[in-house]
Every structure is written in structure tokens, then in C-alpha cells.
Amino acid sequence: MLKQVSEEEIVDGCRRGDAECFRVLFETYKDRVYSVALRFSGEEALAMDIAQDTFLKLYSCIGEFRGDSAFLTWVYRLVANRCMDHRRRSWRMIPMAEEIVAVLRAPGDALHNLLHDEMRGQVRGAIEKLPAEQRIVVVLRYTEGLGYEEIADVLGCSAGTVASRLNRAHKTLERRLSSWKGNRNV
Amino acid sequence: MSKWLERELTRELAPVRAPEALGKRLGIYPSPRREWPRMMLAVAAGLVVLMAGGYAAGRSNSRDLHQAATRPSGQCVSCHTL
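Taken in sequence, the protein lines are chains S and Y. Take the first sequence: its position 83, counted from the start at 1, is 83 in the numbering used here, and no numbers get skipped. Take the second sequence: its position 30, counted from the start at 1, is 216 in the numbering used here, and no numbers get skipped.
If you are wondering where the hints come from, they were derived from the structure by calculation, not from laboratory data. Incorrect hints may appear among the rest.
Dumping the calculated DSS-like pairs for lysine-lysine here, alpha-carbon to alpha-carbon at most 30 Å [said to hold, decoys possible]:
1) K30/S - K210/Y
2) K171/S - K210/Y
3) K57/S - K30/S
4) K57/S - K210/Y
5) K129/S - K189/Y
6) K129/S - K57/S
7) K57/S - K171/S
8) K171/S - K129/S
Please build the complete structure, drawing on both the sequences and the hints.
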């Protein structure tokens with residue numbers, strides 16, 4: 001994260017349209033923005049779109065940043081909003097068919113690896129099926145390691161709401177993945 | 187929450203590095219300029235010269251035919267007498 005003084009300089013530079021300041025800003029936040037977008041959407045192409053939209057919004061609206069919250073919190077707020085806008089999911093019938101064919105063709109160790117990959121896919125699939133409001137809380141918690149108060153600042157809700165959403169998400173995931181729990185050492 | 191779920195979520199949702207393509211899409215990193223091979227340029231130039239030559243030759247032939255067609259029939263080419 002940028003230090004307070006240099007952060008102000010960078011933000012001021014961006015407001016003046018300084019290309020070098022934009023580049024520094026991009027280098028500082030690109031991994032965080034892309035990680036949230038990818039873990040929320042589960043698709044690389046969609047994550048690229050979300051990350052691109054986030055930076056375009058950041059560049060165009062940086063004049064609206066008043067410094068009421070940390071700049072990183074404001075960046076997280078932008079990417080969270082873009083994630084909620086892109087919540088539509090694509091149809092996964094063809095990839096599923098490809099996975100089935102791969103399992104049928106695979107002998108020995110390849111089948112073992114496929115079962116392991118399938119288990120990991122189940123975890124990701126269970127996360128992707130969570131309602132968007134719960135999924136973004138889970139992603140900010142586990143991908144970025146934010147605390148309840150920080151997540152509440154990003155999403156504009158109370159810490160109690162964050163705790164409630166996270167608790168419901170945990171219960172849902174435990175229920176959906178209970179059958180896989182015993183097989184995780186496959 | 188159980189430990190195994192905490193471990194699975196931490197592993198499955200680990201942060202990743204943004205691909206280079208993101209910077210290129212936003213114009214932060216310049217895209218590499220497409221260089222045309224010199225051989226291809228030479229062949230293309232040769233083809234243009236050949237086509238231009240062929241076109242010029244075709245035009246002069248058609249002009250000769252046009253002149254022959256406008257000449258009165260039966261007129262001698264060498265002495266211009268009937």
C-alpha cells in the first residue's frame with residue numbers, strides 16, 4: 001500500500017491527468033483488483049472485464065475521492081461494485097461435458113488427479129453458487145484478509161451485517177461440501 | 187466454522203497476480219509493434235511492379251487496336267493510297 005504522503009501525491013497527479021501517476025496506481029493495485037474479480041467471478045475472461053472496468057472507473061472518478069476513507073478501501077469499494085454489476089453467470093454445459101469425457105478416458109493416476117481436481121472444483125463451485133452479497137464478503141475475507149470492520153467500510157454496511165453474511169455463507173458451504181470432507185485426502 | 191473449511195477457503199481463494207494483458211488492455215503497457223518481414227515487403231513490391239507493367243502493356247496494345255479500327259478499310263498502311 002502507498003504511504004500517506006506519496007498516496008496524496010499520486011492521487012493529485014492522477015487528478016491532473018499525469019500518465020506516470022496512473023501507471024504507479026495501476027502497478028500498486030492491479031493484483032488486488034484482479035484477485036477479487038477472479039475469486040468472485042470464477043472466470044478469467046470475466047475477471048479481466050471487471051478489473052478493466054474498475055480501473056476505468058477509478059481513473060474517471062478519482063476526483064470524487066475525498067479522503068474520508070483509506071484509498072485502498074475506496075479501491076475495494078469500486079471493485080466490489082463492479083463485481084455486483086457483473087454477477088450474471090455464463091452457462092457451463094460445454095466445460096462440464098469436457099470434464100466428463102476426460103474422466104471416462106483417464107486411466108490410473110490420471111483418474112486419481114482428476115478426482116482431486118474435481119474435489120477442488122466442488123469447493124470453487126460451492127463458492128460461486130453463494131448469493132452475490134455473501135460471496136463478496138467471503139472473497140474480501142479470504143482473498144484479501146480484511147476484518148469485519150474493513151469489509152463493512154467497503155460494502156457500506158454494518159460489521160454485524162458482515163458477520164451475519166459470513167456466518168450464513170460458512171453454514172451453506174459446510175452443508176454443500178460435507179460429502180467431500182471425508183474425501184479431501186484423496 | 188470447521189478448520190477444514192477455513193483451510194479450503196484460504197487455499198481456493200488465495201490471491202493471484204494480474205496478467206500482463208490487463209495492462210495492455212488499459213494502455214498502461216505498450217503493445218509490441220507488428221513488424222512486417224522484409225522478404226514479404228520485397229515480394230509485395232515485386233508484385234506491384236509486375237501488375238503495373240502488365241496494365242501499362244495492356245493499355246498500349248488496346249490503343250493500337252483502337253487506331254487500327256478507326257483507319258478506313260482498304261487503305262494502304264504504307265502509301266495511304268487506295
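request  = Could you tell me which of the hints above the structure violates, numbers in ascending order?
outcome  = 2 and 7
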